[in-house]
Structure formats: C-alpha cells, structure tokens
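Residue numbers for the sequence shown follow our numbering, beginning at 174 and rising by one.
Think of the hints as simulated: they come from the structure by calculation, not from any bench. No experiment lies behind these values; they were computed from the predicted model shown. Where is the CB? At the ideal position from N, CA and C, for every residue including glycine. Honestly, I wouldn't trust all of these hints.
No more than 25 angstroms apart at the CA atoms, straight line, and that leaves these computed lysine-lysine pairs for DSS-like [unchecked claim]:
1) Lys570 / Lys293
2) Lys343 / Lys514
3) Lys514 / Lys293
4) Lys288 / Lys570
5) Lys293 / Lys343
6) Lys343 / Lys570
7) Lys398 / Lys408
8) Lys242 / Lys211
9) Lys293 / Lys380
10) Lys380 / Lys288
11) Lys400 / Lys380
Computed beta-carbon distance windows for the label pairs [to be verified]:
12) Gln320 / Thr567: 33 to 41 angstroms
13) Thr391 / Phe224: 32 to 40 angstroms
14) Thr567 / Asp275: 50 to 58 angstroms
15) His315 / Cys493: 36 to 44 angstroms
16) His346 / Asn422: 17 to 25 angstroms
17) Glu231 / Asp275: 35 to 43 angstroms
18) Gln470 / Val571: 21 to 29 angstroms
19) Val290 / Pro629: 36 to 44 angstroms
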Amino acid sequence: MEMRLTLAALHLLIGSWLLQCSLALDPQGGALQRFPPKFGNVTSFVDNFDFTNNATFEQRTMTFDQWWKPGNPILFFFGGEGSVETFYNASGAVFEHAQVLDALVVFLEHRSYGKSVVPKRTLTVEQALADTAWFLSGLRAHLGCQQRECPIIVLGGSYGGMLVAWFRQKYPHLAAGGIASSAPIDFYPQDGRQEAFWNATLHTFGKYGLQSCPQELTEAMSQLKQKAETEQGRKEVAQALGSCQELHNETSAGAKADFFIRGVVATLAMLDYPVATNFVTPLPANPVKVACQRLHQNPGISGLRQIMDLFLNSTSGYHCYDLMAEVVGRPTDGHLSGPVKAPDMGLWQYQACNEMPMQSLTSDGMAFYPASDDQLVEVANTCQLRYGLTPRTTWLKVNFGGSDLQVGNLLFTNGEKDPWRVGAPKFESLLEGLDISQHLIPAGAHHEDLRFDSDPPKEPVSVAKAVTLMAI
C-alpha cells in the first residue's frame, strides 16, 4: 500500500519532468533512425529440450550502448511476432528510460521470425523463453559485469509483455524485474473473455469515436448476420464486402465475415493512437473516430466495408478480402489471394494453433480476435487441416498459472482503449506480499507507453512512463 501511495504522490512531479524531457527529443523518425543499433548474432539451440540434438541457429540481436556506463542496468526487450527491427523501431520509450538510467539497450529476435529461422515445430513459448535464458545467462559475464552489477530488467509489449511475465516465473534468477505492457496473460476459455473483449472494443468506439457508434456497429453486424442466412443474401454480402471468393454456397460465410470484421474493429481500438502510424498497417491519427465517422455516413453493411478499407486498404494493397480464410466456420487452408504483399506476421497463426488459439489472426492476417468457447472446436479443426496441430487451449495456464503468479518485481501497464486489457492478471488472485503492480493508462492504446511520445505528449502516457521508470 505504501508503494502505491508513493507512486500516486509522485505521478505529477515525475510526469511533468518526463514531459519536459520528451519535448526536448527530436520528434522525427523511429528508433532505427534516431538511435542506430549495433547488429549481432547469438548461437542458440534449435531445440532447447532435446538433449540428443545439439543443432544450432543464429539468432539476431540489436544493441544500443551510447549512454551505458559499465555496471549500470541492462534493459532487455523481448522480440515478438515479427522482425526485431520492427520492435526496435517502435519502442521509443525504452531509449528514453535508458538515457535517464545510463543503461544498455538489448533486443533479441524471437525464434522463427525475421531472420532467426528454425523448424516451425520448435516455435513455442517455452523454446523462446529458453532462448532468452541462455542468452541472458551469459550476457553479464560477456560484458564484464561483477556479481551485483548490471541488473537486467526485461520489457515487452503485447505477446512480448506476456513473455516478460512468464520469464519472471520460470527464470527469476536471471532478471531483477520486468515491465509487461498490454500483456493478456490471463485470457482463457470459459471465462466470458470474448464478450468482455467485444464490450471493451465498443467502449472505445463509443468514448473515443462517436457516442452513437456502438449502436451503429451492433446494428450493422446484425444486418450482416441476417443477410448471410440466405443464398441470395450471401451473394450480396460477398459483393458488398469485396470478398475474394463467392459465398452464396458457403453456409459458414456469415460467421467468417463476422469474425473478419470484428478483428478489424477490435484492432482499430487497440491501435487508436493520437498520431498516424505504420506499426501494423498504415493508419491515420485517431482511427477509431475516422471509422465511426465513415459508419455514421454510410450505415449498415456498406459502412462496415468502409471500416475494412480504412484498416486494410488505405494504400490500395488489396485486390479483395479473403473472408473464407478465417479460422472459424468451415475449415479452409487459409490461402490469401487478396493482399498485394503478404502480411508480415510470419508464423503467428501456427504459434496460435499450438498454444494460443484465443489469439488467432483474423482479417487477412493483419488483426486479432478471440474465438468464443463454442468456436474453439472450429478453430481446432482449422488448425488440424492447416498444420496437423490440435491446440492445447489451456496449457499455458497450466504451465504459467494465469493470474496465480508466484514471482514478483513486475509492473503491468494497460491502455484504456485496448480491448486486450480484459486479459490482465486478476489482482485479487495474487499472493499477498508480492511486488506486483498494475497501472491503467486513461485514453491509452495498445502498449502506447512503450512508444515515443506523441506531439504534443499525452499526460497519461507520460505518467505511465514515470511509473515505469520508478519501478525500474
């Protein structure tokens, strides 16, 4: 309790200080341009748990040491479902913290993404955590750090934030603490998660889009579902939504189109940043407000198409939309014929199929939406068809405990706009005495506290950064 009161008392003071620091930063360019990294490689085991196989692969690293003073902290950032450059470039707050702390910044590319290629059968959370454990276990010695020097703080956002929390549980001796931003570590079936996720999405559209937007979205989705019940209606839906495939004979077309659009809408809420971004897909500033305006001006299914175009096709990168590639409904091979350029999510759908079916890709591989409990059988059938995998839906909860965390020195941050906040750990389930805190960022989007400040900076995000710095 004392720590939380201290944080509250110092929010304004440190928030103002960080605000001044961020205003002094050059607002142009991402971290690759502003803080040019040193690229390296580390040799890792292809399979960390097969002691009869010592095959290795090269895993990429990126470091920035301009401010580091020997003995000072190491800020280690978990790479996620993409190339390591993507995460380095978008994670400006890590460099802001490093400058204050005279810290070393280190990024490690996640196995199977970018250029760190391994057989996809080894693409699991457990293997990724073991890669990091091997790497960090030798890093301090490599740098010449003495026993109590160079404390390592692990950071990450979204899936990377989940890795932070899980790494602390499995390898607590290898890091002094962790910052997990937008990390839905307790997001499992039979807990009403899909409904809560959709309600959180509607909250964002109503509060930060238009007050009428949730009702207009609900009505449009209802029209879509009703029209998809007949053969003629599915034909009209295919035309209205720009489907790559004919849908009139597809009885599950309505469910697939619904899932596609919900993925688009929820991901717009997740990415509702106050500035134009190109983090997942090119989006204007405040895209939720733009989406609501389009729907208000074009009610019904035509407005849904306008929202799809906003999210996916602002640069004319799609010939059509692959509604039939969705993981719910009738199993399909997932082939995408609509994108001009394949989405850069690599093997995430494979990884979702083995351990995280509630985080499956939707919307031509550019968005996310959780399957409901009664859709998980359909997801499993699709995973079996595509990859020969049957998802172990609750394995990660068995392995890592969900909200039943046993190791502390953790800070969880979540943005109000981000629907994934409903998967944050339930703090009433935590053991007493653990140093685990959470901070909700008013008007914050998905791991917005890991990004460079907007211009002008948002005070709630600056305060979140101050809370993070205090935790470190």
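Checked hints:
no. : hint                                : in the structure
1   : Lys570 / Lys293                     : holds (22 angstroms)
2   : Lys343 / Lys514                     : violated (38 angstroms)
3   : Lys514 / Lys293                     : holds (22 angstroms)
4   : Lys288 / Lys570                     : violated (30 angstroms)
5   : Lys293 / Lys343                     : holds (23 angstroms)
6   : Lys343 / Lys570                     : holds (13 angstroms)
7   : Lys398 / Lys408                     : holds (13 angstroms)
8   : Lys242 / Lys211                     : holds (17 angstroms)
9   : Lys293 / Lys380                     : violated (41 angstroms)
10  : Lys380 / Lys288                     : violated (41 angstroms)
11  : Lys400 / Lys380                     : violated (29 angstroms)
12  : Gln320 / Thr567: 33 to 41 angstroms : holds (40 angstroms)
13  : Thr391 / Phe224: 32 to 40 angstroms : violated (55 angstroms)
14  : Thr567 / Asp275: 50 to 58 angstroms : violated (43 angstroms)
15  : His315 / Cys493: 36 to 44 angstroms : violated (51 angstroms)
16  : His346 / Asn422: 17 to 25 angstroms : violated (58 angstroms)
17  : Glu231 / Asp275: 35 to 43 angstroms : violated (30 angstroms)
18  : Gln470 / Val571: 21 to 29 angstroms : violated (48 angstroms)
19  : Val290 / Pro629: 36 to 44 angstroms : holds (42 angstroms)
In summary, the structure is inconsistent with hints 2, 4, 9, 10, 11, 13, 14, 15, 16, 17, 18 from the numbered list given earlier, while agreeing with the others.
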